[in-house]
Amino acid sequence: MPPLLWLSAAFLAGVGLSAALHLPPLFWLAGTGTAVLLALLEDRISRRWRGWAALRRFLPLPVGVILAALLLGAWRWQAAQALFTPRHLAFYNDTGKAELLGWISADPDRRENATLLTMQVNAIRLAGTNHTQPVQGAALLRLPPGGDWRYGQCVRVWGSPQTPPEDEPFSYRAYLARRGIYTYLMYPAVTPQSGQAGSPLLKAVYGLRRLAYQTLNRIYPLPEAALLSGILLGLERDLPAGLARAFQDTGTAHIIAISGFNMSVLSGLFLALFGRLLPRGWAAVCAALAVTFYTLLVGANPAVVRAALMSSLALFGRLIGRSSAGLTPLAFSAALMTAFNPWLPWDASFQLSFTATLGLILYAEPLQRGFEGWLTNRFSPSLARRLARPVSEYFLFTLAAQVTTLPVVLAQFGRLSLSALAANPLILPVQPLVMQLSGLALIAGLLWLPAGQLLGWLTYPLTAYTIRMVEWLAGLPGGVLDFGAAGWGLVGGLYALLFGLTAVAHFQRRNSGRLAGVLRQVMKPSLVLGGLALLTVLVWQAALRRPDGNLHVILPHLPDGQAVLLRTPGGRQILLGSAARANTLAGTLGGETGLFQRRLDTAVLPFRRASLLEGLPAALERLPASSLYWAVEPPVSRTAARLNQTLTLTDTPQQRLAAGDRLQLDEGLVLTVLQSDGEKAALLIEYRDARLLMPNGFSPAALRAASPPVNGATLLLSSADLKETPPEGWRSLTPVLILLQSGQDEAEGVISTARRGRVEWISDGHAVWLRGERP
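Numbering (full-length UniProt numbering), first residue to last: 1 to 775.
For the record, the hints were derived by calculation from the structure and aren't laboratory data. For glycine and all other residues, C-beta sits at the position ideal for the given N, C-alpha and C. Any given hint could be a false lead.
[Said to hold, decoys possible] Simulated restraints on C-beta separations:
| no. | residue 1 | residue 2 | range |
| --- | --- | --- | --- |
| 1 | Leu278 | Phe379 | 54 to 60 Å |
| 2 | Ala197 | Trp158 | 17 to 23 Å |
| 3 | Leu278 | Pro134 | 14 to 20 Å |
| 4 | Trp158 | Pro450 | 45 to 51 Å |
| 5 | Pro450 | Ala127 | 52 to 58 Å |
| 6 | Ser199 | Ser626 | 35 to 41 Å |
| 7 | Leu208 | Leu26 | 42 to 48 Å |
| 8 | Glu748 | Asn711 | 19 to 25 Å |
| 9 | Pro653 | Arg731 | 39 to 45 Å |
| 10 | Ser199 | Gln81 | 47 to 53 Å |
| 11 | Met186 | Trp374 | 55 to 61 Å |
| 12 | Pro390 | Gln655 | 55 to 61 Å |
Based on the sequences and whatever the hints tell you, model everything.
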């Protein structure tokens, strides 16, 4: 074993030993000094003690040096433990209200239901006192969604500093401690202050990241834009909950997060680009700098930093002609990162990244070699090699990574994805192209948006294919097995068994190669066929959404709201209603409007309840509307303020519709506000002889008294409508159909999205027919 591997492993073992024993830092520091002394006296000790000499012959380094690395790792862990003195912010946790002064020290984490700010606190003033005293420490602030917060902004906070919660099985307190955060504030009052703090470089990097995120959302529809934001920028916040769960269930969530796969593709591209312009040595240096900048751009979380370190080592390994795909670079990068942040070994993403890379190092090449040998016995050697490479890259390498990550997955999540074995070979082959083409489209879009949109058309079919394939595989029965959380003792036993079998089977073989290149050199006919396939998808994407003279009313399954999308006979896109979850709403609308239409024509709001409007501001920020109509009295609330801010930013005018007002949506298509009491409004959609009625909380008796008459219309009910009046009561309106958009199962004579999934009501103005996602 190389000396650097011994030192790295000893340092990591020391961190784990110190976490278990909890001895004071001075003990470990004294031990380190003793170990250094042993290393200096190595020759004398070896001459006196034969056992020491025998041990020294086995080890590539003096015993004292290895012990010093072990004890230094132990000291580093203990030295990193926070001491909550009166000079530390966490000393004042759980003591009541306080005023904090400081600045936003990280890029704001904007989620659909909250905004999380990391604040570096410089001073505190306790409630009931006039004395402000200096402190040091970081706090996490949980705020309502929205707000124009920026890195480096100075702020004044009034709230209750608390110790972060600690729940089973996930400890939020330990998670924040790994980031150096020991104080948590729920919905404090935050006031911007004059002045700026922080790094100008990071300020510029986060500004570019925000601009890139906005550009992606202008180029691609949702949920494709959400997926590419994760792949390119490390922002996974926009994925609808159902789609995010589908990626987890199919074992493909690694393509969303920035990982070693992404970094290997990028570092290869950077090296190829700079290699055409610069000498070999400078090309590697510039490529490493580009990887470093990209690491900062996407947030520099532990898995990203590890991947960046490994990629940089690979670049310089190429420069000096040495392989970097071995245990030594992996152990060294882990030890180096742990030296900076001793909490990392307990981070789930770091554990998964480390063990996946370990699996590739230990098992990828033997699996490929064995499979190629099996093929050679049946085919010619050249054909065996050609067949073995793609099978290895997209199946066997995935299997190698999953073998070593399995114990961690069981310990952290208690579930195992069986569909991952099929999902990864089906979607991984297109991911390098997705990264390259979407990255090129993003760069072009930053320079000139129409150019980015044009290039985005090339990536859209591949991204859409990824999402649809993941959703389809996630829907197959038996794809995930739930085991419950496994104890770390079982994890240790599994690894001992795995590595023991590995040592027995492969004692004579060491992995000395690097992973096969991901990008394959394709033949020109294949390139032409691939281009034609992409063009076909684009043509059908446009053709399926072309106006066909019919009215399409699309009812997605939204258990937390009521939102309906109208596609008019002339091709206009109109939103009626809203939903509580922004990612779900925006993803649904983006999937329906498609690649070529990035705005809604109109939005009509028939209710004012804040919980139902919660997801609308973020959804309209990503998919703006040309106009918005309130069929109720506009509310005065925090959600309404965010919505007004979004409408101002997107230049969307607002108008008020009163009871009896009629809105011409298209030729022959009219929306009428039948009833409105300020809180809710009943809407009637008329297209020639076909009509669709949305009661939105009004009873059948109230609707019968409305004008125009509503008898013979299709009823679109919510769960609240059925709660107030059973289906028998609604049949007094003699409806043609009764549709239910809610989480409830179907009642007799009622067609529900809970059972049918997405439902599409279609009419040519006379006849009406339905399309359901499920029969």
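Comparing the hints with the structure gives:
1. Taken as a hint, the range 54 to 60 Å is violated for the pair Leu278 and Phe379, whose Cβ atoms sit roughly 43 Å apart.
2. At roughly 19 Å, the beta carbons of Ala197 and Trp158 sit within the given window of 17 to 23 Å.
3. Separation of Leu278 from Pro134 is about 48 Å and departs from the stated range, judged on CB atoms against 14 to 20 Å.
4. Here the CB-CB span from Trp158 to Pro450 is close to 47 Å, well matched to the stated 45 to 51 Å.
5. In this structure the supplied range 52 to 58 Å holds for Pro450 paired with Ala127, their Cβ-Cβ distance being about 55 Å.
6. At about 40 Å, the CB distance of Ser199 to Ser626 agrees with the hint of 35 to 41 Å.
7. Taking 42 to 48 Å as the suggested C-beta distance range, the pair Leu208 and Leu26 conforms, at roughly 45 Å.
8. For Glu748 paired with Asn711, a C-beta distance near 21 Å keeps the hint of 19 to 25 Å intact.
9. Distance hint for Pro653 and Arg731: a CB-CB separation of about 40 Å, consistent with the stated range 39 to 45 Å.
10. Judged by the Cβ atoms, the range 47 to 53 Å given for Ser199 and Gln81 is violated: they are separated by roughly 26 Å.
11. Here the CB-CB span from Met186 to Trp374 is close to 59 Å, well matched to the stated 55 to 61 Å.
12. The beta-carbon spacing between Pro390 and Gln655, approximately 57 Å, falls within the hinted interval of 55 to 61 Å.
Of the hints listed earlier, those the structure fails to meet are numbers 1, 3, 10, in rising order.
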